[in-house]
Amino acid sequence: GAVVSQHPSWVICKSGTSVKIECRSLDFQATTMFWYRQFPKQSLMLMATSNEGSKATYEQGVEKDKFLINHASLTLSTLTVTSAHPEDSSFYICSARRTGTGSAGELFFGEGSRLTVL
Amino acid sequence: AQSVSQHNHHVILSEAASLELGCNYSYGGTVNLFWYVQYPGQHLQLLLKYFSGDPLVKGIKGFEAEFIKSKFSFNLRKPSVQWSDTAEYFCAVNHGSGNTGKLIFGQGTTLQVKP
Numbered sequence: 001g002a003v004v005s006q007h008p009s010w011v012i013c014k015s016g017t018s019v020k021i022e023c024r025s026l027d028f029q030a031t032t033m034f035w036y037r038q039f040p041k042q043s044l045m046l047m048a049t050s051n052e053g054s055k056a057t058y059e060q061g062v063e064k065d066k067f068l069i070n071h072a073s074l075t076l077s078t079l080t081v082t083s084a085h086p087e088d089s090s091f092y093i094c095s096a097r098r099t100g101t102g103s104a105g106e107l108f109f110g111e112g113s114r115l116t117v118l
Numbered sequence: 001a002q003s004v005s006q007h008n009h010h011v012i013l014s015e016a017a018s019l020e021l022g023c024n025y026s027y028g029g030t031v032n033l034f035w036y037v038q039y040p041g042q043h044l045q046l047l048l049k050y051f052s053g054d055p056l057v058k059g060i061k062g063f064e065a066e067f068i069k070s071k072f073s074f075n076l077r078k079p080s081v082q083w084s085d086t087a088e089y090f091c092a093v094n095h096g097s098g099n100t101g102k103l104i105f106g107q108g109t110t111l112q113v114k115p
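Same order as they appear, the protein sequences are chains A and B. With my numbering applied, the first sequence corresponds to residues 1 to 118, in that order. With my numbering applied, the second sequence corresponds to residues 1 to 115, in that order.
Read the hints as simulated data drawn from the structure, not as lab findings. It is possible that part of the hints are untrue.
[What the hints assert, rightly or not] Subject to a maximum C-alpha distance of 27 Å in a straight line, what follows is the list of computed BS3-like cross-link-like pairs (lysine-lysine):
#	chain 1	residue 1	chain 2	residue 2
1	A	Lys55	A	Lys66
2	A	Lys41	B	Lys102
3	A	Lys41	A	Lys64
4	B	Lys71	B	Lys61
5	A	Lys14	A	Lys64
6	A	Lys20	A	Lys55
7	B	Lys114	B	Lys102
8	B	Lys69	B	Lys114
9	B	Lys114	A	Lys20
10	B	Lys69	A	Lys55
11	B	Lys102	B	Lys61
12	A	Lys64	B	Lys102
13	B	Lys58	A	Lys66
14	B	Lys114	B	Lys71
15	A	Lys41	A	Lys66
16	B	Lys71	B	Lys49
17	B	Lys49	B	Lys69
18	B	Lys61	B	Lys49
19	B	Lys61	B	Lys114
20	B	Lys102	B	Lys49
21	A	Lys41	A	Lys55
22	B	Lys69	B	Lys58
23	A	Lys66	A	Lys14
24	A	Lys55	B	Lys58
25	B	Lys71	A	Lys55
26	B	Lys71	A	Lys41
27	B	Lys102	A	Lys66
[Unchecked claim] Not close to chain A: a few residues of chain B, all C-beta gaps over 10 Å, as computed:
#	residue
28	Leu44
29	Lys58
30	Glu66
31	Gly101
[What the hints assert, rightly or not] Just so you have them, the derived chain B footprint on chain A, three or more residues with Cβ under 8 Å:
#	region
32	24–31
33	69–82
34	85–94
Where is the CB? At the ideal position from N, CA and C, for every residue including glycine.
Please model the entire structure based on the sequences and the hints provided.
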């Protein structure tokens, strides 16, 4: 099966610092990856679509300068939360779609990364 | 705005009981519908999906879901649950753009199956 791995799975940082979360497709190539955010007992909300070799597409209301996304290779996308504040504390989940499966291809999800900003 | 509503937040069943989890969505156009499951400590994984055709969809592990367009619903069912079905279940929708990445998720339902 297709495996997507996120790192770190859990991070605590001080307010004002930046945190980078990695999303890797381990056994397949993913031209497109997606970043979701989940608050406790709430649904996952799509933050942005990460496209290999091009700029990410952000959903309405998501600050581009706050949540920097880089998709430098077909197997890696990174989300950097810049100048993190306590309200950025959340569970961040990435998903990846296998290259060649088209826009209707199945998504494979990472295990999520829990960010706590003190 | 599109929304997805899962009516049951926490369901507790005994083994062999039947399961039905409700899911309603608000979008009026063509939709693609999904159910995902997240077992404790594991990733979200796809249970089943509906794009078109037969509105009764069969998924993995004995799950099925029925798309009822007139009711804007896509309820998940299983005739007889097992302890191993204990997990969080998410309904998700995207409109007919076909981009499976742009999903709108429901709040999730925690299913606890007692042995």
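Against the structure, the hints:
1. A/Lys55 x A/Lys66: 15 Å, holds
2. A/Lys41 x B/Lys102: 20 Å, holds
3. A/Lys41 x A/Lys64: The hint holds at about 25 Å.
4. B/Lys71 x B/Lys61: 26 Å, holds
5. A/Lys14 x A/Lys64: 21 Å, holds
6. A/Lys20 x A/Lys55: 17 Å, holds
7. B/Lys114 x B/Lys102: Answer violated: B/Lys114 to B/Lys102 is near 35 Å, above 27 Å.
8. B/Lys69 x B/Lys114: Between B/Lys69 and B/Lys114 the Cα gap is close to 33 Å, so the pair fails against 27 Å, i.e. violated.
9. B/Lys114 x A/Lys20: 40 Å, violated
10. B/Lys69 x A/Lys55: 37 Å, violated
11. B/Lys102 x B/Lys61: 26 Å, holds
12. A/Lys64 x B/Lys102: Distance of about 17 Å is within 27 Å: holds.
13. B/Lys58 x A/Lys66: This hinted pair is violated, its Cα atoms lying about 41 Å apart.
14. B/Lys114 x B/Lys71: Violated: B/Lys114 and B/Lys71 sit about 31 Å apart, past 27 Å.
15. A/Lys41 x A/Lys66: Holds - the C-alpha atoms of A/Lys66 and A/Lys41 are around 24 Å apart, at most 27 Å.
16. B/Lys71 x B/Lys49: 18 Å, holds
17. B/Lys49 x B/Lys69: Roughly 15 Å between the alpha carbons, so the hint for B/Lys49 and B/Lys69 holds.
18. B/Lys61 x B/Lys49: 14 Å, holds
19. B/Lys61 x B/Lys114: 18 Å, holds
20. B/Lys102 x B/Lys49: At roughly 14 Å apart (the allowed maximum being 27 Å), B/Lys49 and B/Lys102 satisfy the hint.
21. A/Lys41 x A/Lys55: Since the Cα atoms of A/Lys41 and A/Lys55 sit roughly 31 Å apart, the hinted pair is violated (cutoff 27 Å).
22. B/Lys69 x B/Lys58: 17 Å, holds
23. A/Lys66 x A/Lys14: 16 Å, holds
24. A/Lys55 x B/Lys58: Violated, at about 37 Å.
25. B/Lys71 x A/Lys55: Measuring from Cα to Cα gives roughly 39 Å; hence the hint is violated.
26. B/Lys71 x A/Lys41: Distance of about 25 Å is within 27 Å: holds.
27. B/Lys102 x A/Lys66: 21 Å, holds
28. Leu44: 4 Å, violated
29. Lys58: Fine: 16 Å to the nearest Cβ keeps B/Lys58 off the interface.
30. Glu66: 21 Å, holds
31. Gly101: 4 Å, violated
32. 24–31: violated (count 0)
33. 69–82: Our answer is that it is violated, as 0 residues pass the Cβ test (under 8 Å) against chain B, missing three.
34. 85–94: violated (count 1)
The earlier numbered hints that this structure contradicts are 7, 8, 9, 10, 13, 14, 21, 24, 25, 28, 31, 32, 33, 34.
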